[in-house]
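Colleague: Using the hints, put the two chains back together into the complex; each one sits in its own frame.
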Amino acid sequence: MGARRRLVPYYLLAPGALFLLVFFLIPLGLMLFTSLESGGLLSGGFRFSWAFENYTDVLGQYQVQFVRSIVYSIIVTIAALLLAYPMTYWIAFYAGKWKSSLLLLILVPFFVSFVIRTIQWKFILGDHGPILGPLKDIGLLPQGFRVLATPFAVVAGITYNFLPFTALPLYVALERIDKRLVEAAKDLYASRWEAFRKVVWPLSLPGVFAAFLLTFVPATGDYVNATLLGGPGTTMIGNIIQEKFLVELDYPEAAALSVILMIVMLVLATVYARILGTEDVQRVAGAGA
Amino acid sequence: MDDDRSMLDPVAMQRALRYRLTRRNLLRNTGIGVAGFSLASLLAACGSDEGGTTGQSAAPQDVFSGEPRDTLNFANWPAYMDQAKDKDGNVFHPSLRAFQQRTGIEVNYQDVINDNAEFFGKIQPLLAGGDDPGWDVIVITNGRYFTTLTQNGWVYELDPSKRPNFDANAASWAKDPFYDPGNKFGMAWQSGITGIGFNTEQVNGEITKMDDLANPDKVGTSSVGMLEGDMPDWVMINLGIDPVTSGPDAWREAAAWLKMQQESGTVRAYYGNDYLPDLQEGNLNAAMAWSGDVLYSAIWLGLDMQYVFPEGGALLWIDNMLVPAGAQNPVGAAEIMDFYYNPDIATMLTEWILYMSPVPATQELIQKDADKNFDQGYKGYASKLQATAENEFLYPSEEFLGRTTFGFGDWTDESAEEWDAIFLPISQG
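Residue numbers (my numbering), protein chains in the order written: chain A, 5 to 293; chain B, 57 to 485.
None of these hints come from the bench; they were simulated from the model.
Every residue, glycine too, gets a C-beta built ideally from N, C-alpha and C.
Hints are not guaranteed to be accurate.
[As the list claims (entries may be wrong)] Listed below are several chain A residues computed to face chain B (Cβ distance under 7 Å; list not exhaustive):
{"id": "1", "residue": "131"}
{"id": "2", "residue": "151"}
{"id": "3", "residue": "153"}
{"id": "4", "residue": "235"}
{"id": "5", "residue": "237"}
{"id": "6", "residue": "239"}
{"id": "7", "residue": "244"}
{"id": "8", "residue": "251"}
{"id": "9", "residue": "253"}
This is chain B alone, in the form it adopts within the complex (with noise of 0.2 Å):
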């Protein structure tokens, strides 16, 4: 049957075609013999291939009409959907069944993205070369990853009439972002900010401001953790520069901040992104912390930890929906985008995750499950329920919003070059 509806669709068609085009490539290469082989595709493994890039060309008219295909394969980070046991004890994801039972799409969910470099890292020669790269439907945080992506044509453009989920509920700051205007490229998933997490018990006073990452006398020493790859634009932001349009002379201001901290005697490791385990055992006071993760830990594991927004403001940032150039099936990925614009299933996924959800009205419906679990007695599930609904950091108002700021924006080769010179030596020191 899906043979039929293909063979029917002259989009379907042409992407089969593109497909069979690829294939003989690859016959050609093997004719070479295994040596030539090896050969060509690792060069295109080290990036020098001159390929082809599907994505530049293709109009998001042409790439997302017809009909989907009976599977759909979604790269996400850990614990980023929401799960729910059977009665048989299997886990599953509640909001992709639904998405399966609603349009007949088999999900291939995945949480095999844990750092965007790294994860780019593997994509990047299938995009180079013009290849399938395995996903419908990928995760990126904005930033130098998201800019390599778009600019090069490695992710398709999206076409804006297939979203009137999207049109329709998404929060302000999810639509027309500044690092992809008019949502051309990508749909925010979820967003967060990086702040200031800590273990109440062992820091003495209130941590309130970056500062005090820096002060032994408040978080100890050899105990701060810090986020690598956040950090100079956290630092920038708390030293009242806007990262946005900063250059080499704010690196460096936030660079030496960084060593002033690390001569400190404060900080005890950067960490790429999992810092959360020595958070919660203890073996960090004090860490740049990622909103959801602390939050989680404090409302529902109830761990005496502590989340703060630094005085001097803090980093915001956007997981980004993409879909990859050569994806096998895009027209599948629209509709599950704009499938988790649904309150109803965005709500799914907010009480389990606590990030940022970019449908505001999952706020109420959320207070609503609160209220029902109050009347029927499960007083603790609601009371949770209740605190992720109340809090700002999941449902910040627009003066919360106005002291977050986003990352660096304008990546180039040079200055990506400049800003790894200035801030690779602190954390690799």
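For reference, chain A alone in the conformation it holds in the complex (with noise of 0.2 Å):
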């Protein structure tokens, strides 16, 4: 009886273990492994021998994408974060019953396929689509101008197509806290400013350090925003990456992008973990027991 109870935790994670085993550890070897191999698929195919240039290659050739992917990342949810923060403030405080049917609302666009969702923005901000056409037929923007295949448009098509990664931890935080706490603030002569900043921001933080991870990780890889919506000088890493696997078939350097790229993001939640995340989040966490 004893012993099978000491089981129970193993019967519990069996499948999920199982499914990662099957479905990530052994792909990640195996993209470990292809990242060392040589060789080429005009001679046949490519073969495992420690080719550790493969990583030096790529990263003298690609820095430029690394640090733009990273670059734009960071834009993306510094703004999806300012675009979210009062949205969700305002759901989880003031919504009252609609609550449920506001979050929804955030979600919509999830029901919309990826890809369809940014080609539609291609569409509306076309050169001569409904936004622009209009607005140079009437001579407020001159003829040449364009929102496509600029910077602009890849950040923001990411900043919108992960806003709900943003969104839904941001809301998870914010309505966890208690409203009394900011009436106690205010009984307390708080002004609303000092009562969000001294009661709400920091109960509110390990909703923005989850926010921020969720939208940051999948955002630098992203590389559907940068083929629809930019141009020459607006490649991201990911673009490479696909470009590298789909169109020249180099799966070795392919696959070392991809390793050095999951290494570079595992630093940066490292450090930032270390040195905005866990302190608050165990501070909050300690503070709310």
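Modeller: Below, the structure is given as structure tokens:
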């Protein structure tokens, strides 16, 4: 009986662990393996050969795209936080019975395919599309003006596509805050701003932390927006990986790039968690308990 | 009945046995356990499997003899097959229906090829592992992936005695191309050239040559589309270099022109293949473009678009029908490949897709169709057919073809790597 009880956690973990083993750990191992292969498809395929030069080659060639992806992604994450925070704050504190409906509205875009949403943007923002076309016709914008094929379009596209990833964790954190704490702060002569700064903001930090990671990490690897909305000079690291995997079929270099991207993201996330995250999260969690 | 047939035919028996053998390998692998199996198949997917190349050893006479199977799997590019609607409004392919009626073979036609590399990437692990790639006919452009398929024995060598229509009707350019001497492996599906397409209203003056695409006064800023795959060859041609025999120095020269163009500010994007919507919607003023795309937009959609053959020359390419090794119905594949060299059938195709047909006799038949429609009073339709039949991009003269050039052909792992290192930084800057 006791032995069986001790085994229960393993039974519960087993399905998930097996799933991750087959669909995450093994592919991850294969990616590492592939990244050290050399050869070519014309001569029949790639062979494992400890080809560490794949790493130095791609690092030398694609620094610009790495840096660009991280810069874009930071802008995206901050923009998404600025957009989502007031919105979710209002929903959590003032929306009353409309809460779920409004939350659903944030999620509605997710019911449409990612690619279709982005292609719609391309249509809406087209040089002669429904927005720019009329503005150009009445002379408000010069004929050569465009939004597409600029870094702005790429960053805006990613922000739009990842907004729900930012909004949901924020909402969860804000919604959990005990509204009486704000009232108490006001009773103690805190202004509205002080009440926000000293009560709501610190209590919402775990949400901000989660929102930042959930947006920043996938946004860095995105390639759809740069493909559809960007132009020359907006290429992100995801585009290079996609190009290497699917167009050049240079699997080893593509795998090496993916490994590097993963390591960079892990390092950035760890540093971020050390500096900003855990401490606040722990403090707040401790205070809440 | 199909079973009887394959039991009587020794070659079909052999094929069936080989199929069973690979099945047995699969079962043996599963015996190792889930992880072992995944590892093996995933390793194969990485292309590190040194595995069997079924094509190399099989003699064409063996592969292509006997009776065809009942179904045929045909992978092609989108909008590359004639279409019509029946009385109930269902879309169908008239030429495929004709094939089915004549042979009794049911064709599973899928337009799944959007890109040579991408499609190749999908079937390569199966071919490298000696497995059935799932297709009996595939359509691949001459160039890197065509060469990879033929050099590795990943496509069957064709049986020249099984193509009477091809022998009788194929255009001179479709026979014995430099990348496939004697049409050993492939037969042209359609062909076309890469030139310049532009929106007549959105450019200043005439667009006649490659340098116009680097001139903001003519084409505007950020409004030119470039075709990533074709542009190295295309630029070389227009710089007066023959890409077929070119080397790294010439590639760098082409790259320098592309860099100059990028710095001129005219380029909007480098496209894999989906430039046409942007050109049609006017997001692009001008673009490197494939003949059939622009002709279709201009002739059949009536858009204000023009197609020009650049002064310096244009890139000629041929999309080829191939039979991948391990295909289940090579006999049916050979039948359908030759079927499309029947002038009546080729005409159905050309009237709809407007690329260069490998069957020159279609020109006269389209003209006849135009005349017939004029007589019956369908003037709009008839004039479109007329424009199709008279178009030099569909029916090029010898002089015209003389100004076109094929792309680089000496693909090896080394040349491919050097090529990519020179050109990828431009499109992915």
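Colleague: Now tell me if each hint is right for this structure.
Modeller: Against the structure, the hints come out as follows:
1. 131: The hint holds - residue 131/A has a Cβ within 7 Å of chain B, the shortest such distance being about 5 Å.
2. 151: Not OK, violated: residue 151/A not within 7 Å of chain B, min 11 Å.
3. 153: This hint holds: residue 153/A lies near chain B, its Cβ roughly 5 Å from the closest one there, short of 7 Å.
4. 235: holds (5 Å)
5. 237: Holds. Min distance 6 Å.
6. 239: Hint holds; residue 239/A Cβ to chain B Cβ min 5 Å, cut 7 Å.
7. 244: Where the cut-off is 7 Å and the nearest Cβ of chain B is about 6 Å from residue 244/A, the hint holds.
8. 251: OK, holds: residue 251/A within 7 Å of chain B, min 5 Å.
9. 253: With a minimum Cβ separation of about 5 Å from chain B (threshold 7 Å), the hint on residue 253/A holds.
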